[in-house]
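Undergrad: Based on the sequences and whatever the hints tell you, model everything.
Letter by letter, the chains look like this.
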Amino acid sequence: MQEELFTSGRNIPNIDPSLEIWHWPISVYLFLGGLAAGLLFFAGLITVLGKDKEYPASVKFASIVSPIALTLGLLALFYDLTHKLYFWRLYTTIRIESPMSWGAWVLLIITPISFLWVMSYYSELFPKWKLNFEFLNTFEKFLQKNRRNMAIALIPLSIILGIYTGILLSAFNARPLWNNAILGPLFLVSGLSTGAATIILLAKSAKEKHLFGKIDLILIVIELGLIVHMLMGMYAGSEVQLEAMQLLVGGEFTLMFFGFVIILGLIVPAILELTELIGYKIPVAIPALLVLIGGLVFRFVMVEAGQITRYLY
Amino acid sequence: MVIDTLKCVGCSDCVVACQTENDVPIGYCRDWITETVNGSYPTIELELKSERCNHCDNAPCVRCCPTGASHQLDNGIVLVTGNECIGCGACIESCPYDARYQHPDGYVDKCTFCHHRLEKGQLPACVSVCPTKCMYFGDLDNPNSEVSKLLKNRKHKTLAPEAGTKPQVYYLT
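Going down the list, the protein sequences come from chains P and R. Going by our numbering, the letters in the first sequence line up with residues 1 to 313, in that order. Going by our numbering, the letters in the second sequence line up with residues 1 to 173, in that order.
Think of the hints as simulated: they come from the structure by calculation, not from any bench. Note that the structure is a prediction, hence the values are computed from the model and not measured. Be careful, since some hints might not be right.
[Claimed, not checked] Simulated pairs of lysine to aspartate or glutamate, DMTMM-like, Cα-Cα distance not exceeding 25 Å:
hint: 1; chain 1: R; residue 1: K166; chain 2: P; residue 2: E239
hint: 2; chain 1: P; residue 1: K145; chain 2: P; residue 2: E54
hint: 3; chain 1: P; residue 1: K84; chain 2: R; residue 2: D23
hint: 4; chain 1: P; residue 1: K84; chain 2: R; residue 2: E47
hint: 5; chain 1: P; residue 1: K84; chain 2: R; residue 2: D105
hint: 6; chain 1: R; residue 1: K166; chain 2: P; residue 2: E124
hint: 7; chain 1: R; residue 1: K157; chain 2: P; residue 2: E239
hint: 8; chain 1: R; residue 1: K157; chain 2: P; residue 2: E243
hint: 9; chain 1: P; residue 1: K84; chain 2: R; residue 2: E84
[What the hints assert, rightly or not] Label pairs and their in silico Cβ distance ranges:
hint: 10; chain 1: P; residue 1: A181; chain 2: R; residue 2: N58; range: 17 to 25 Å
hint: 11; chain 1: R; residue 1: V37; chain 2: P; residue 2: S238; range: 18 to 26 Å
hint: 12; chain 1: P; residue 1: P112; chain 2: R; residue 2: H116; range: 41 to 49 Å
Idealized CB from N, CA, C, for every residue including glycine.
TA: Listed below in structure tokens is the structure:
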């Protein structure tokens, strides 16, 4: 038996008794970043494959969401900084070993592209609001010509953005719940899945709904597999990882994790999407919304539970 | 740094000295005392020790810092440059020892081994005030330094070596 007590009255705000350094804005950002990564990935992929006329929601309507999500996400990140006026220091250096530095630079590139992407569809998205300046029309034409180039850039950038939201957490070996290599791919797949769900919500044609229903179904199955791998990895891990896993399995986050993430956020939408694809009439907005809520709750669970886990010495 | 857990009485003098020397804001501390009870009655053991930033050789806080505010000097001391820090909290998340905190002014702060005193040839404040002289400070790379000799002759440990950080504060047991 070992018991450890702090005797100097150490009670530092946000550190003791457990970390509360990253608050809700981080969870919200991880969700919005993953969502934007998913949307931009599909927009890029569909365009590169030359199917943009067949699937207008994925390249056109849903792409309005990504710059909004990225802007809100960046505001959330900025809000959670405690030395805000020095944020520009992120862009005075490139630190290869720091996932946050990677993320900051990728965001600096991908956020403007997401805006330019919407701009290239401006006259189709907002036919009633004419651009009254000639140079804006010229600029839009220029963007339309370069849409394929933007799409080629978006595919790798969105994958880096999606993976980075997970690696941001998994790079901390001091927090055993986060410190597993599967978190990067898991967050990427979850982000792609929420992106597909958003496209399902915004799609008008049955064809597009079906395609993204299938994609989402595959992604959900992969995500479930990755979650099983994550839990198995921790189950076979060291003492600190076992303790971390117990927060999710039989601990205080069990209801949130199994109830809202795994059952309501993955299994139920997967069953609903499957029955819909077989031919039964189910409003696809239900599984899509469940996936989105599940994705958000998943980020909250991981960020909050991760900060409770630590090395005990 | 080498700390003798057999000599430490847990008086917290080091904590107060540090707070005074470094103008640590009220309610915060850069070093602290832990009291560890091992075993159960009647075979019971109490260990007292003063803890702080371990100035790890493989410092995760330096690695994850996105701006380079957290950096390591050639002599191994890990420091934070306040006006390069954006307060993202990544280094706090990365520290297995929870040795860092957010200063009320926003930037991240922690033990500096009293770098400003070392430059003047003085010892860190905590070492200089310890009434039982349980703390030793010196160059671990120099085999003839007091700290190197202590580690050669005494049983010692580091905190959470399994975290892979190569901590540089050694505890004599």
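Undergrad: Hints first: check each against the structure and report whether it holds.
TA: Evaluated hints:
no.	hint	result
1	R:K166 - P:E239	20 Å, holds
2	P:K145 - P:E54	19 Å, holds
3	P:K84 - R:D23	23 Å, holds
4	P:K84 - R:E47	41 Å, violated
5	P:K84 - R:D105	10 Å, holds
6	R:K166 - P:E124	59 Å, violated
7	R:K157 - P:E239	20 Å, holds
8	R:K157 - P:E243	24 Å, holds
9	P:K84 - R:E84	11 Å, holds
10	P:A181 - R:N58: 17 to 25 Å	18 Å, holds
11	R:V37 - P:S238: 18 to 26 Å	23 Å, holds
12	P:P112 - R:H116: 41 to 49 Å	43 Å, holds
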